[in-house]
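Fit chain B to the given chain A structure using the hints.
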Amino acid sequence: MAHDAHDDKNSSVFKITLNLAITCFISGIIIASAFAITEPVAAEQRVKAKNDAMKELVKEAETFKAIEGKEGWYAALKGGKVIAYVVPANSKGYGGNIEMLAAVTPEGKTMDFKVLKHNETPGLGDKMVEPKFRNQFANKDPKDLEVVKVPTDKNIQALTGATITSRAVTKGVKEAVEAVAAYSATQKK
Amino acid sequence: MNYWDIFKKGIFEMNPIFRLALSLCPALAVTSTVFNALGMGLCVMVVITANNMVVSLVKNFVNPKVRVPVFITIIATIVTLIILILEAYFPSVYKELGLYLELVVVFAIILARAEVFAMKNGVIASAFDGLGMGAGFAVAMLFIGAFRELFGTGTILSGTSMALQVFPQSYNGPMIIILAPGAFMVIGLMIGMFNVIGEYQDKQAAKSKAASQLTGQRSEAV
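In order, the protein sequences belong to chains A and B. The first sequence begins at 3 in this note's numbering and counts up one residue at a time. The second sequence begins at 77 in this note's numbering and counts up one residue at a time.
Only chain A is shown next, with the shape it has when bound in the complex (with noise of 0.2 Å):
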């Protein structure tokens, strides 16, 4: 072995594992007081963000209230009565889980829907979002959410080159409207 002797010093094990000890303890800190810092704004920013995707969904509604025993449903209230429901809908698409609001009538018709997460290619699947496609959601009935390739008024027209996508973000939304339609048949009686 041939260390010469400050090699020796600086190399002994205690000595590296407390240098990278301490580098991890005083990052530990300043994340730490960081997080404390920003926490509460990002939380509110949070609440906001989705107060607004749901004020972005149903645009008449004056407030919405969390529904009992279904965890991220809301009623979307006017005047006190039911205008739509604002649900959650998952769907797993060509890069991963698609998340998404979806807005549905009491009548369990569509309105909109909004996605909130998603990975899919840049270009191709996340044309979704736009108007042309996402317009083609109002007022449809579950049965009519379908995804064909040709233009239509009935069903669903698949995004060129993302007929995988389309085809997610539609079942997801379908979902969703049966949910709330199930629902909203129990909420009558």
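If you are wondering where the hints come from, they were derived from the structure by calculation, not from laboratory data. A hint or two may mislead.
Some chain B residues judged to face chain A by a derived CB distance under 10 Å, without partners named [said to hold, decoys possible]:
1) D81
2) V106
3) N139
4) L255
All C-beta atoms in this analysis are idealised placements derived from N, C-alpha and C, irrespective of residue type, glycine included.
Showing chain B alone in chain A's frame:
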């Protein structure tokens, strides 16, 4: 070497993507639109500059045997801070780049500059090195992003308020440019272009040198 030279070399002769071919992963993943490419480029610029400064400040306290884990810890801390700040105060930027921001920690170019430059130089020089390298990276990302967005989807800056439809709406670009293999081709062609420019500059330099030598000899003869 003055600070301007340190800054400049990151943009041209040592451009991270076109010359060093480092950090190609983000150059593939986040360059399908100008907005994403530029956002990522600017984030990397901030991280690399901050990291260079911190490393050059603490370089005397870092045990050489654990310098790489220490550098990674420093980079991770800076990136986490940026993520926290973006999430709280710039939610729209965070939404677009959130997925990729965490990957900044392991970008080769950042670790490379800490190791090669900041470890051996003062704070100000290291800051300029980081700014230059970051700017070089951002410019390269911008070029690739602009090319791919223009020929892939026919727009520029889509997703921002300055969105511009360059080609008519009916333009249906070659799909491969939007996908990762197309990014590889674009980067390859741009590296080739940079090499041609570099060779031309070398030739010009050699020519002017030869010319000055020639005139030197003549004046001696006279």
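Interface hint status, V106 of chain B versus chain A (Cβ within 10 Å): 9 Å, holds
When the least beta-carbon distance from D81 of chain B to chain A is tested against 10 Å, hint result: 32 Å, violated
Hint check: 10 Å Cβ-Cβ cutoff, N139 of chain B to chain A: Cβ of N139 of chain B sits 4 Å from chain A, so the hint holds.
Given hint L255 of chain B near chain A, where the shortest CB pair must fall under 10 Å: 7 Å, holds
Checked against the numbered hints above, the structure breaks only hint 1 and satisfies the rest.
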